[in-house]
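Here the structure of chain A is known, so what remains is to put chains B and C in place on it, guided by the hints.
So the chains spell out like this:
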Amino acid sequence: MNVKYVIAIIRPDALPALETKLGKLHVQGMTVTKVKGFGEYTDFYSKNHLTEHLKVEIFVEESKVEVLTNAIFDVAHSDIPGAGILAVLPVDVLFHIRTRSES
Amino acid sequence: MNVKYVIAIIRPDALPALETKLGKLHVQGMTVTKVKGFGEYTDFYSKNHLTEHLKVEIFVEESKVEVLTNAIFDVAHSDIPGAGILAVLPVDVLFHIRTRSES
Amino acid sequence: MNVKYVIAIIRPDALPALETKLGKLHVQGMTVTKVKGFGEYTDFYSKNHLTEHLKVEIFVEESKVEVLTNAIFDVAHSDIPGAGILAVLPVDVLFHIRTRSES
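Protein chains in written order, with our numbering: chain A, 1 to 103; chain B, 1 to 103; chain C, 1 to 103.
Treat the hints as calculated values from the structure; they're not laboratory data. All of these numbers come straight from a predicted model, not from anything done at the bench. Heads up, the beta-carbon is just placed ideally off N, CA and C, and yes, glycines get one too. Among the clues, some could well be false.
If you want the footprint, here are the derived chain B segments under chain A, 3+ residues with CB under 8 angstroms [stated by the list, open to error]:
hint: 1; region: 8-18
hint: 2; region: 21-33
hint: 3; region: 86-93
In isolation and in its complexed conformation, chain A is listed as follows (with noise of 0.2 angstroms):
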């Protein structure tokens, strides 16, 4: 099975919103990372200029890419700066460890 990985930098306060979301594409498994960092438009000037983020991980069949793809967006999305990127990134082979088997 071919698997890619998801990479989805969003603010906080969307979390809760994504995993309901993620339950219901029975998406297997999701890592939740505390970040900080800086987007487009940052003011350096500014004193604390490195907000707060959360860095989703999430490895997932490639049928089911556009679909985690557009529930980010949904519940990521934001029209202030600051709403965040996705990215995809290619996968050479994912193991589940319990089993030692490829997903």
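Coordinates of chains B and C only, in the frame set by chain A:
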């Protein structure tokens, strides 16, 4: 030298054994991040369905990927869901910042 | 536009200079995570062999990778082991969530 990027999401208690293994395999670096997440068989109705795991990242030469993968399986394996996942991703190039040289 | 994913593991004290550099290079975003890890020449017998580093992640157009890489070398370089690593990974696609558009 062709390099791969290995990402493993493991239970925190598997870290000490993994470090010992990596030392024996002469793996020359590892990055550890505290993450939260969910995996298979998650009960989304549970209040604390996001469990604590560690994300381990290792850049390793391609010839060592299989040995490293098996080492991670050995130390992180468990019959309980939540043992985690392991992914291998392609890398264009890896540099050591100290020497500015490719690894 | 072809995008690359740059991961750098650097010493925490190199961050302010890196931010200044990125602003000058018009790099439009950066994510920073506190990580622990070990690199070359680690003394595994030391109690605190896992040192604190920062993981910096930047999605950047391919044409800027070399300039960015050299900027990171300039600010994070050190003759002491522990200066860190820098990797460039392929990306299938990068979206801005605000506009749902590819970068």
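Hints, verified against the model:
1. Look at the region 8-18 of chain B against chain A: 3 of its residues bring a Cβ nearer than 8 angstroms to a Cβ of that chain, three or more, so the hint holds.
2. Counting residues of the region 21-33 of chain B whose CB falls under 8 angstroms from any CB of chain A gives 1; the rule of at least 3 is not met.
3. By the rule of at least three residues with a Cβ nearer than 8 angstroms to a Cβ of chain A, the coverage given for the region 86-93 of chain B holds, with 5 such residues.
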